[in-house]
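Peer 1: So the chains spell out like this:
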Amino acid sequence: MRIYALAVYLFLYIPIAVIAIFSFNAGRYAAQLQGFSTQWYGKALSNSFVMEALQTSATVALSSAILATLAGTMAALALQGVTGRPRAIFDALLYIAVMVPGIVIGISTLIALVTLFDWVNPLLTALWPTGWSAPQLHLGRGSLIAAHGLFAMALVVIIVRARVAGMDRSLIEASADLGATPWGTFRQVTLPQIFPAILAGFLLSFTFSFDDFIVAFFVAGSETTLPIYVFSSIRRGVTPEINAIGTMVLAVSLLILVVAQSILQRGQRKGGGRAA
Amino acid sequence: MTNRNDFISRERFMAELMRYRKGSVTRRHFLGVTGLGAATAVLGSAMPGLRSAAWAQGNIGDRVVLATWPNYHDPANFEAFKAATGAAVDMNVFGSNEEMLAKLQAGGSGWDVFVPTNYTITTYVGEDLIEPLDMARIPNYDPASFNERFAGPGTVDGKVYAVSKNWGTTGFAVNTSQLGGKPKPTTWKEFWDLTQAEFSGRTMVHDYQLTTIGNALKYYGYSFNSIDANELAEAEKLLMAAKPHLFAISSDYQPSMRSGDAWMTICWTGDGKQMNRDMPEIEYVLGKEGGELWSDFYAIPKGAPHMDAAYALINFLLDPAVNAKEALFHGYPTADKRVDALLPPEVLNDPILYPAAELLDALEFGAAVTLTDPNRAELMARFKSA
Amino acid sequence: MAPATIWLLAMLVLPLVVVLVFSFGERAAAGGYSAAVTLENFANLGARWTAFQNTLMLAPLGTVLCLLIAYPLAYYLAVKSDPKWRTLLLILVIVPFWTSILIRSYAWIFLLGGQGIPKLVSLIGYGSPRLINTPFAVLTGIVYGYLPLMVFPIYVSLERLDKRLLEASADLGSPPWRSFLQVTLPLSMPGVATGCMLVFILLMGEFLIPAMLGGGKVFFVGNALVDLFLQSRNWPFGAAVAVALVLIMLVTVTLYMRFTRRWAGGRDDVSLM
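Chains as they are written, first to last, in the working numbering: chain R, 1 to 276; chain U, 1001 to 1386; chain L, 2001 to 2273.
The shape of chain R in the complex, shown without the other chains (with noise of 0.2 Å):
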């Protein structure tokens, strides 16, 4: 069992070792070792295209895993009172958003957009006062957020609902019964109980935007994400740099790990474990 165990993380980590050491190669061609160098690292890190690609990135993934954390969970919550025709349309689209592959989405959403921009964009002009130039709509950050942020609201919804409804509700009666608003009984006792699965929620939304190539690819318009920045390089012969990129966001997120682990941890000692 362990050494089946163990025959599967070598299968994990190979082609991750594979892609630290030649980041380290000296020579300029990816796949044929020429010494050790680290000057792919300071290449990387002096590179203004992908600092900026990797700033987007972090931008479109922290702002639609935020709207679509707060927007999932407003739903989740909102769903509990709903019923009926409301209800299962609701959840039939929720149903949708997850399962239409995302290859989809980005090519409907491209084309979606297009056709509207065309339609709005001389309405616009037509409408905005002479002399002054009219704002045109395109393709852009906002749109990559909106597109992102679709199915990962939908996961969220999926989460934390489920959470909800393994909530103890006598809880909630009895804050009610001892007076509480409803704001502090949100405050001081749903949330708390459903916080662990908006943390789980936000985290998947996040690592999904983050790492999402195909509908970027399609609706991301003049904006370059790191895995567009990614494949772009690819395509003009990989050098180490490449490598590099890869393993320095490795290690970073290993580091945001370990920390989130052990604050978690000492939160976990003094409240009981909730936050597990």
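Treat the hints with caution; some may be incorrect.
[Said to hold, decoys possible] Reference listing, derived: stretches of chain L covered by chain U, where coverage requires no fewer than 3 residues with Cβ under 8 Å from a Cβ of chain U:
1) 2003-2015
2) 2026-2037
3) 2048-2055
4) 2122-2133
5) 2208-2219
6) 2232-2241
Calculated from the structure, these hints are not laboratory results. These numbers were taken from a predicted model, which means no experiment stands behind them. Ideal Cβ placement from N, Cα and C applies to all residues, glycine included.
Start from chain R and add chains U and L according to the hints.
Peer 2: Just chains U and L now, with coordinates in the frame of chain R:
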């Protein structure tokens, strides 16, 4: 300039070039030793447009976005451009004109400069996707010094939309060490036959219809540009029969050819040159039946966000000294006489860059209707999804 | 609920309706869409039959392979591993996920290419097998890319398992393999069902792995779609393929959920919904 620069042997030039490319000498050293620096200086003083370094025409912003093809630029030139103007070049690399067109049609590409091929330009003009060029802002472009055959397609209805970048051919590259003593293939017929026999599992074809279908048509001696239904049906039969024997369908063939995974591929001039330079056993062949002759251009898409930087970059790259450096790096000839004057005879006599007349005469330019023909597009898609 | 509803309407319903409308249109002369009402695009779907066939074969196959590899690992993590190391081991399963799938697939191109595993094999003297650009390479990439998504739900369902049930089963004289079949396996079914559905859904829309590790030769519906939009610029036909894909998924996933729900005894946490 001192006497030191008066003479440099061919061998010395190539040796210096290799040293420079490996990064063991600086650009200044290279230019000084080879005399290219002197040539630049002389040209600069001879041509007023050059000396006034037209790209230094004020603040052009911090970036310019370039959509281009794989292995098609010398990174050192972009660094020099950044040093001179402050604008960094963001390079987006594409695999086919179809893909570039699709991205521009979808809108919001964010490109400032792109590199269309001859047969696409009328389509871009018809679709209103390309900006007419203000030639006053590209003083380094001297129409008189360009070969009209290659620079001509940039002008549509008397308006200049694109200026000549490079020209080249589409042949195939073959790793001769894998032939097992058999003679080197010289025709497209042999290319496809070899693919289905000894080279099974080792051949690559381009991931776009123009050349892949065009060179399958050549197997039967039809026109590279044919849109005749019967001829296309025959080409489809050949492609379908060859598909199980292919290594990959991809326009990025250098890594697989260099690693030895692939032995033969449809190939452009410069990629053939680059591979042959490092691995002499990989040879570049033009099929005797013909095939594609093409020329690429610099152009500006409608609504480019950094128009000043776009003009500055085009003008910079058309500076004959810069253009010569590009050509030495990527191995594609230019249509500019001024650049040829700066190139060493080895390059000018290189049969990969400048094929023999009888091979060149058999080639055809791709046609606009070949690009947009729905049947060819659908044939390619069927071939890929089969 | 209002923001969520607006979001769903604007970014899901509207685009899907546009795709549906486009699927009845015609390709414009230079590519793109021109308005029309025709069923021709749907009549032509047969021209992409191989792509659908590949997807409908390799997606379930990839899912099953993921399951076969993931289940023992999840079982080891949830039941056999030292609780002290459990969290770390779990985290190690997701960590590879944080490097872009593009970069990881690129590593596989090297590993499966002539300078990688085939070279090792030939050094031992077993010839030089062709691995890269084959369905095998695509399956490897798929299993590699989606394994964590399968491990986690199974782990969660196994971890919830009441160990006393196993002890009781052993006390009653049942051999370990019978306890596994009669107690552990049925109780972990919700996790298995969730994992399978997640992986299957994502695989049906896969594009990157076949493109990178299949050399453009192993075609999924996703690749056909990208090709129709980025190469042939046949938007209406692309829209028809997208509509067909969504319909196929609606049918298969709904059937799958009906089936697993009955199978797992009507439990509600069987799947995502």
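Peer 1: Confirm or reject each hint.
Peer 2: The hints, checked one at a time:
no. : hint      : result
1   : 2003-2015 : violated (count 0)
2   : 2026-2037 : holds (count 5)
3   : 2048-2055 : holds (count 3)
4   : 2122-2133 : holds (count 3)
5   : 2208-2219 : holds (count 4)
6   : 2232-2241 : holds (count 3)
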